[in-house]
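**Student:** The chain contents come next:
Protein chains: 4
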Amino acid sequence: MSANTTSTKGRVLLAYSGGLDTSCILAWLIEQGYEVMCYMANVGQEEDFDAAVIKAKGCGATKVFVEDLQREFVEELIYPAVQANTIYEGVYLLGTSLARPVIARRQMEIAARENCQYVSHGCTGKGNDQVRFELAYYALKPDIKVIAPWRIPAFYERFQGRKDLLAFAAEKSIPVVQTAAKPWSTDENLFHISYEAGILEDPDVTPPKDMWKLTVDPEDAPNTPERITIEFEQGKPVKVINASQKKEVTGGLEIFLYLNQLARQNGIGRLDIVENRFIGIKSRGCYETPAGTILRVAHMDLEGLTLDRQVRNMRDQFVTPQYSNLLYNGQYFSPEAEFLLAAIAASQKTVNGEVRLKLYKGNVIVEGRSSKTNNLYDMEESSMDVQGGFSPVDSEGFIKIQSIRLKKWGLNKKLI
Amino acid sequence: MSANTTSTKGRVLLAYSGGLDTSCILAWLIEQGYEVMCYMANVGQEEDFDAAVIKAKGCGATKVFVEDLQREFVEELIYPAVQANTIYEGVYLLGTSLARPVIARRQMEIAARENCQYVSHGCTGKGNDQVRFELAYYALKPDIKVIAPWRIPAFYERFQGRKDLLAFAAEKSIPVVQTAAKPWSTDENLFHISYEAGILEDPDVTPPKDMWKLTVDPEDAPNTPERITIEFEQGKPVKVINASQKKEVTGGLEIFLYLNQLARQNGIGRLDIVENRFIGIKSRGCYETPAGTILRVAHMDLEGLTLDRQVRNMRDQFVTPQYSNLLYNGQYFSPEAEFLLAAIAASQKTVNGEVRLKLYKGNVIVEGRSSKTNNLYDMEESSMDVQGGFSPVDSEGFIKIQSIRLKKWGLNKKLI
Amino acid sequence: MSANTTSTKGRVLLAYSGGLDTSCILAWLIEQGYEVMCYMANVGQEEDFDAAVIKAKGCGATKVFVEDLQREFVEELIYPAVQANTIYEGVYLLGTSLARPVIARRQMEIAARENCQYVSHGCTGKGNDQVRFELAYYALKPDIKVIAPWRIPAFYERFQGRKDLLAFAAEKSIPVVQTAAKPWSTDENLFHISYEAGILEDPDVTPPKDMWKLTVDPEDAPNTPERITIEFEQGKPVKVINASQKKEVTGGLEIFLYLNQLARQNGIGRLDIVENRFIGIKSRGCYETPAGTILRVAHMDLEGLTLDRQVRNMRDQFVTPQYSNLLYNGQYFSPEAEFLLAAIAASQKTVNGEVRLKLYKGNVIVEGRSSKTNNLYDMEESSMDVQGGFSPVDSEGFIKIQSIRLKKWGLNKKLI
Amino acid sequence: MSANTTSTKGRVLLAYSGGLDTSCILAWLIEQGYEVMCYMANVGQEEDFDAAVIKAKGCGATKVFVEDLQREFVEELIYPAVQANTIYEGVYLLGTSLARPVIARRQMEIAARENCQYVSHGCTGKGNDQVRFELAYYALKPDIKVIAPWRIPAFYERFQGRKDLLAFAAEKSIPVVQTAAKPWSTDENLFHISYEAGILEDPDVTPPKDMWKLTVDPEDAPNTPERITIEFEQGKPVKVINASQKKEVTGGLEIFLYLNQLARQNGIGRLDIVENRFIGIKSRGCYETPAGTILRVAHMDLEGLTLDRQVRNMRDQFVTPQYSNLLYNGQYFSPEAEFLLAAIAASQKTVNGEVRLKLYKGNVIVEGRSSKTNNLYDMEESSMDVQGGFSPVDSEGFIKIQSIRLKKWGLNKKLI
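Residue numbers (full-length UniProt numbering), protein chains in the order written: chain A, 1 to 416; chain B, 1 to 416; chain C, 1 to 416; chain D, 1 to 416.
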């Protein structure tokens, strides 16, 4: 069957994963009268892209695009997030959110180039990802039309469970890999993997040991610690040194992949939480973020040495939570993201130096830090033993002035 | 020598530690013509209070007060900090800051009762503690007069090093314990111990293994994890259950001490940072905060299940950093602390439930959480598999409306 | 025609205004098979309620409820907003938003009492009010069902303009008042009136002089100023004194209505802006907020005298914008509103005293303020001429300590 | 007497005003053995600079520098403040604070060039200005030494009142202008004038009509309004058009001075408040800020039309209060100011367009606004009458999704 001859409704660029869901969506869209092209983004997930291309073509896709976005993912999304210490609800490092902008951007570029009036994706109607993809689509290409089958009654009423999808796959001769479906769903990229749904929906169920895929269990990690040094320029990692292995790694992507390898071996980066989705639903998620966890510890530590107190305080109190929420809520392509990224860049000029780390069974332990170019830290001035930098008498005045307001208040309150 | 007959300048209540510094201050104040009473606060530090009382009296103190403040420290200071997830500069749990208000308050109460016009302390002129103690003093008793010898030239120029203090101690017959002085200084209470100064002043020097006092090195901690359940009511811990040991602990102080014991055994709560002191100096500090680290993980996790997203977001973005900074800067007795504590209490009404934890070699791992009284989490609603709670079509409208503003912006920017 | 016998779909409580739109909605709902009861909230708008009741009954309403909500509007919504200095986007005093919660709450109470499964309103599908009403409905009565005809294609496609409504009114024998429709729409209550749409949609069109309804044009206001004193307790007005008229007004509602009268006479409270609606659309609105404008000036002035600097700063920086946004976005019945209202109340304990004002041709001019119970202001201490309260030498230390950090930065930057 | 031959302590650059205080300081510094150079900054205050130069030289200054800083004051300090809508405690436009950085910077430049080891000023020990000047000095030239006579006991104990200064002036043959001293003190520049101290220290005393210097009393302003148009580029004014006078003004300084003239004639910009000084004292101040008041109204209005909602919200909630506080507290030369100014610039890219204003007896009334380059405002989209841009059905989904969280909360609370 040639899609070109029968498609009457226009051309769709489908974000395709190679799995059962998006293969069925692909076939269903063709059935509905669309020409369908498939788009696969390589953001570092474990995937047989060649097999997926064959499968997509077999299902009737007129073209299939596989795009390697790993480097731009690391350099454009992950490293600014490291600079900003982004974190959602105090714990989650935003691995899914960070990948969405690069995926959506390339999809829109291809949609524009290939004259696709439509894009489609396999996100459900209850999650965050539908929002993240579509807000990015609309910002980047305001005239794009989105087909979200899991929000279309004709689709979701027809496919009410895996059984219905398998039956449709059989009908359409879509090959199905005979693996036992895991009792949870995952999303993977080079920054993290997420686990949710299925047995995880009960927030009091401990994830089974064999669920965790990227990292070794801390209990099974080596008994001997690994020691590395990470060098930062303007808040971004530029070198990792592993002296015991006589290894130096440079290059944005290369550094990240090397840290991933070390973190995975040492059981670093697991998380199990209940979080608040953008649409107002609480949801349980488990995550592994190996390299991201190391970089967060190292970057925050270096900021202690090299970043001014007030800049840090302002960045922490405003920019970090706002930028983190914005990423989570899918608003990376927005005027406010531009605004916040200008502030993030402005905050990192002095964040230059090295952090020495020990990695051990889930722990990322700072063993020291230094900076050649930055002299905000002054050993003599902070010394309790040396009279340097200022007179202790000055502290007296500092405290007395601070106390003026509190004394007035105390007089009113008569606290004792 | 009777202080009563020779003191002509008035009565001082000295915050006394039993160590060399405050013993010399005690003798020096008497030499200057003051009557001196000594005050020792028991906030859970390791200390031989009986020996200290004898020593103080031997030095000429007319009275010595030893006050057990452990319970009020835990219940009035630590647990509200747990409720607020207080943290300074993203990493430090504020152990020294949290103890200061209870210590200062009792000192002012005794000063009022004993008609002391003066109080004195042994804090240096470069640190945070002088500020914390004195702002508390002035707020609680605005007419108090403070003698801070380490800011008085006549004192600090006379005692320029340990040698001068030892000579003075010999002259005044102050007994000196013959221990080798450690190459750092510490401050200890039941919440934490801090290490700073000395060899730690070089931020690239790794603390020696034998420095850490409260916790076992994670590398030396047991190879078998410990599992516990912590129950919270309105954000405060009310019970700890250790099923394998058939142990249940209740009572604010008792819970805290039991968690300390478990955390110490499992190498939990070490920290090594460069922080910004209130007076604008960067300073390197190492800390051990055993129970506080466990409680932070557990409380934040339970908030995921039981706290509304917007309340959490507002509390996180404003109350937590403001209250943390305020504690660090010694402004607990202040109108703004009253204001923030009202907000903290208002935020915790729904934070009820249990968290199950695994403690293992420095890690605090959440294994599950539940809440009997709270139904903000709805398994069916968050399920990706079940159509429940709302129609996927609603998400379509939600996204479309969110996109209006971004489309307008995108049209202006022509991003693709 | 008896609604009781023919209505098969259930009972609706319609928010009824007496105008053409909601009268047509009333008739249309009956036509669709619903029993309809009407609800009119008196929040101080100019309205012939008796005529509206007759009209609603004539259209087929089985019951009509007219509820006087003026006092609860002032005391529960307006005065907390005065305490918080609420303002949207720096200029708008939120008059429409403030009325919605009291209107929606009574509607839900009646819906519950009268066993109405449905409620309905006449809000359009592009504005803020649909959001405000419905979020309140759902929070107060989560099982309520909402019929919003202007979002139902069968309705809005049938009634595409005023002509269609008039034709339907004629068909249903709905009496239509023969006034020329104004080229803008309004929403009025005792706090304010809003004007939008029609000729105002061009943001560069100056509103015609005869549009403004509540206030006299400042150019036409009296040439002689009016002077009053407003007394506040905990941030709420408790008395207004007009000495020249030998008049004292007390009582929450009475004070508000009296200030409205004075403000209207003196041309106070006009505003013309472009604002951002919740749904992301920019919209031009004109407003008159007479008493609210006076109270804002007076309350903020008294806070200068009576509120601690840090509490003010925290409240200004966080609570005021968050609470203002929340009101604008219709989230008054929410956990975060409860949280913020606790903080607002905590902030106002010391805001007690009097403010003397001059009202003149659009200006609200403060002429003095005083507080009997509050002594945070200390004339001697702030005097530049008197050495009181603290030593100037203390300021030296204060500045020196503040400069430590800046000197370090300056050394790095070499600014000169 | 030649200062050059007798000065043994080094060279001082004194910030000199030409008045009694700084003339006495000049003579006193020479008496103490310093060589003194004088520095006068022209920031638009009313002053006879030529007479002051003669006076300073007569008192013994070895050099006198008069520097015209008006243009850099307007362009580097005032316009970024307009962009940020800076305001202190909700009402004060920061006129004194804004002038300090340009004054201090030139003083440090001259001190460096002329090899002055010292600078001196006539600020009191209780005010904000000592902090503002000295923090700027120390940041710009960390090794500068500051002589603040009003904080030196030898000085302030000798000169306890105006009488002592007059006696010293007579002794030193310093000419004194025979004007009656006003019962308040002032600080003037082209942005504003401040009045404080003296009779104003009682916050309930209405300022006398003849105190106000820059603006006409609104009651005496013209009965006919003045109409102007202000054009902005990236948030800064670039043109003022007065059509009735066929006048167009361009140039940063020229625009500001022209707006000052119009505002003064129309009684615009008076303020009377109690504010919180940096050092924690409450203080009463009266201010006239003519052009600044017009520009604030116009700029905020244009942002309504041209600035994205989220960027505005973030800027308002964080950048504006932080930058305002920082200016007030004298921390313009700081890393955090650099950080905030980067954010301010990033926020203003789209703030381009015109605002039409009516000036009338103290009122600044917006009559319309437009923007040729910005299309965030969409007349059709915001129209209540037109179905454009999006479907009303989308709003339904938007509201439903927003309500999920609130329904859950409502079910728990059972509000009705």
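Honestly, the hints are just simulated from the structure, not real lab data. Any given hint could be a false lead.
One copy or two, either will do: identical chains are not told apart, so a pair holds if it fits within one copy or between any two.
Said to hold, decoys possible - Heads up, simulated DMTMM-like pairs for lysine to aspartate or glutamate below, C-alpha to C-alpha not over 25 Å straight-line:
| id | residue 1 | residue 2 |
| --- | --- | --- |
| 1 | Lys9 | Glu367 |
| 2 | Lys57 | Asp21 |
| 3 | Lys349 | Glu157 |
| 4 | Lys172 | Glu231 |
| 5 | Lys358 | Glu72 |
| 6 | Lys247 | Glu226 |
| 7 | Lys236 | Asp204 |
| 8 | Lys145 | Glu381 |
As the structure is a prediction and not an experimental result, all values here were calculated from the model.
**Student:** All the hints need checking, so say for each whether the structure fits it.
**Tutor:** Hints, verified against the model:
1. Taking CA atoms no more than 25 Å apart as the test, Lys9 paired with Glu367 passes in neither setting, with 62 Å inside one copy and 49 Å between copies.
2. With identical chains, the CA atoms of Lys57 and Asp21 are at most 25 Å apart within one copy only, with a shortest distance of 16 Å there and 55 Å across copies.
3. For a Cα distance limit of 25 Å, the shortest separation of Lys349 from Glu157 qualifies neither inside one copy, at 54 Å, nor across copies, at 40 Å.
4. Taking the closest pair of Cα atoms, Lys172 and Glu231 never come within 25 Å of each other, the shortest separation being 53 Å inside a single copy and 53 Å across copies.
5. Proximity of Lys358 to Glu72 under the C-alpha cut-off of 25 Å is found in neither arrangement, the shortest distances being 29 Å within a copy and 37 Å between copies.
6. For the identical chains of this complex, Lys247 and Glu226 are intra-copy neighbours only, at 13 Å inside a copy versus 37 Å across copies, given an alpha-carbon limit of 25 Å.
7. Proximity of Lys236 and Asp204 under a CA criterion of 25 Å is satisfied inter-copy only: 20 Å between copies versus 38 Å inside one chain copy.
8. In this assembly of identical chains, the alpha carbons of Lys145 and Glu381 lie at most 25 Å apart only when taken from different copies (19 Å versus 62 Å within one copy).
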